[in-house]
Amino acid sequence: MTHVSSRLSGASASPAFSRNAVQPRRATSPARVILTLVMVALALYFLIPVLWMIFASTKSTADLNSSFGFWFADIHFVQNLKTVFVLQDGIFLRWMGNSLLYAGVGSLGATLIAAAAGYSLAKFHFAGRDALLGFILGGVLIPATVLALPTYILLDRVGLINTYWAVFLPSLGSTFGVFLCRIYVASSVPDEIIEAARVDGAGEVRIFFTIVLRMVVPALVTVFLFSFISIWNNFFLPLIVLNDERKWPVTLGLYSLQQSAQSDPDIVRTVVTGSLVSTIPLVILFLVLQRYWRSGLTAGALK
Amino acid sequence: MLPFLLIFVTFHIIPIFFAVQESLFRQQSSGLGLGESVRQFVGLGNYTRAFGDSTLYAAGGRVLLYGVVQVPIMLFLALGMALAFDSALVHARQFLQVVAFLPYAIPGVIGAILWAFLYVPGISPIVSLLQDIGAPSDFLSPRAVLWSIANVSTWQWTGYNMIIIFAALQALPRDIFEAARVDGAGAWRVAWSIKIPLVLPAILLTALFSIIGTLQLFSEPLVLKTLTGNVTYNYTPNMMVYNLAFGTNDTGYASAVSVVIAAVTFIASIVVLRLLQKRGSQ
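For the protein sequence lines, the chains are A and B, in the order given.
Each residue of the first sequence is one higher than the last, beginning at 1098 in the numbering used here.
Each residue of the second sequence is one higher than the last, beginning at 1227 in the numbering used here.
Watch out, some of these pointers could steer you wrong.
Take a look, some chain A residues computed to stay more than 10 Å from chain B by CB distance [claimed, not checked]: (1) V1135; (2) A1140; (3) Y1142; (4) H1173; (5) E1289; (6) D1297; (7) D1341; (8) L1379.
Covered stretches of chain B (in silico footprint by chain A; criterion: 3 or more residues with CB under 8 Å from a CB of chain A, positions within the stretch not fixed) [unchecked claim]: (9) 1314-1323; (10) 1332-1342; (11) 1462-1468; (12) 1484-1494.
Rather than coming from a laboratory, the hints here were simulated on the basis of the structure.
Model, not experiment: these values are computed from the prediction.
Yeah, the Cβ is synthetic: ideal placement off N, Cα and C, and Gly gets one too.
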């Protein structure tokens, strides 16, 4: 395991930070102050839309136009929340539920599949393995949005348009996940353990589920997190394969609301408050799982 | 392995075949526009049409201009921030990193919607501030709107790229820098002559992701399109595909354009990957 951690997470969070912490604290130099100020300015830039969203979600429609955008006016947050949740008999909650379902179940499936594929690519020697690997890498280079129309044509031919499957099935193949799992299995699951299990009479399926999966948990969490994000953020595919608004994910729902806000300014507060509500789960997920996304990106950079 | 292969082949390989197949046909509505439309084999007709289509060239040129400007600015920002964080000269480092990464956790469409509100006069505090000091404030004018879109992507992806480069920087052995410092190299010199060359693979990787991202530009302009006529249905190649397929039902031609975008993306990626491998083998 030590080998793995040096390879995968070694460059990320903990050792790196402690390395710098060892350095003696220097007195505040002008360079330090200027650099920090520049960084704070950049941080403000990243926060601007978020701050505006938070302030705007507390305002009445009239105040949205008349009060200063980066501060509070009369607080109408609860009323705004109400407009979000009563919209068309609670369709917003349904959109959130759909997003959670697509992203939750989809990324769970994608993670399992990626683990199995990564495991076989790392541990089994079969004809054409390298060719297959190159092929999958090629697959990474064709972006999802370019595949959206072809996927639509495919789903249309098999009659899955406007079903949950239309969003769910295409999200199962995580090429990034396969790569990460392959690297991780190769370095963290010793051949001897698999051999020993085989000698003891364990079947291949059992070995995979009871031994391999347990040894690669950190990689699995990372793959899960990144597929969760990419499915949650998915927009183009749902836009073209789902007509029924009751099956929409929240991204698509908010987009359609934003469009109708053009003709009805009163909807703006609903769009803003809905956006706030829809981003909270992901931001929490991110803050809680910091260690994992940092190590995931590190692995990507070292690949 | 099998399940992944199945999914991979079904949703990565087969669609491409379908797209290629579909791109050889054309839907033609019969006569008066009544009744069934006729599917007609046109061979490479859709491709010759694509290569002579000024709308497609305009969309492609726009994305090219966008990429040439936005990608370097974003990566420069990301690299600068990563170096600053790596130098340990910044206070509250971890907090600032999380803030920079925050936009990545916000779905692209939502980010675009939020910025859209910040571009519209009336609601936007930024526009009214600019108006107060008499600065130009029309984010949606024909010339400005492309850069307003670029701002959304820069906002969204700088932190993500920064973390990738930062992670690569942190993985470098520290003793090289000590040695350089002993030899009298200043912080700038160390960053320029040692750190940047060593993390070049990570920078190229972020460049690869960014180029792919640029070529798929879709949801940001689509969101801004509701606000201004200056973003048309054919603003980017991907929007053009969407419009052709679902606005005008010209699936064959849409597929051909899709195939062309895929091919261009693929070639661009291969070029960057080659650079990456060349650096790696040195």
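Taking the hints in turn, this is what the structure says about them:
1. V1135: A/V1135 not clear of chain B: closest Cβ-Cβ about 7 Å, inside 10 Å.
2. A1140: 4 Å, violated
3. Y1142: For A/Y1142, whose nearest Cβ neighbour in chain B is about 7 Å away, the distance does not exceed 10 Å, so it is violated.
4. H1173: A/H1173 is indeed farther than 10 Å from all Cβ atoms of chain B, at 15 Å.
5. E1289: Since the minimum Cβ distance to chain B is about 22 Å, A/E1289 lies beyond 10 Å and the statement holds.
6. D1297: Per Cβ check, A/D1297 is outside 10 Å of chain B; nearest 23 Å; holds.
7. D1341: 16 Å, holds
8. L1379: Violated, since 5 Å does not exceed 10 Å.
9. 1314-1323: holds (count 7)
10. 1332-1342: holds (count 10)
11. 1462-1468: Coverage by chain A holds for the region 1462-1468 of chain B (3 residues, Cβ < 8 Å).
12. 1484-1494: Holds, because 5 residues of the region 1484-1494 of chain B bring their Cβ atoms closer than 8 Å to Cβ atoms of chain A.
In summary, the structure is inconsistent with hints 1, 2, 3, 8 from the numbered list given earlier, while agreeing with the others.
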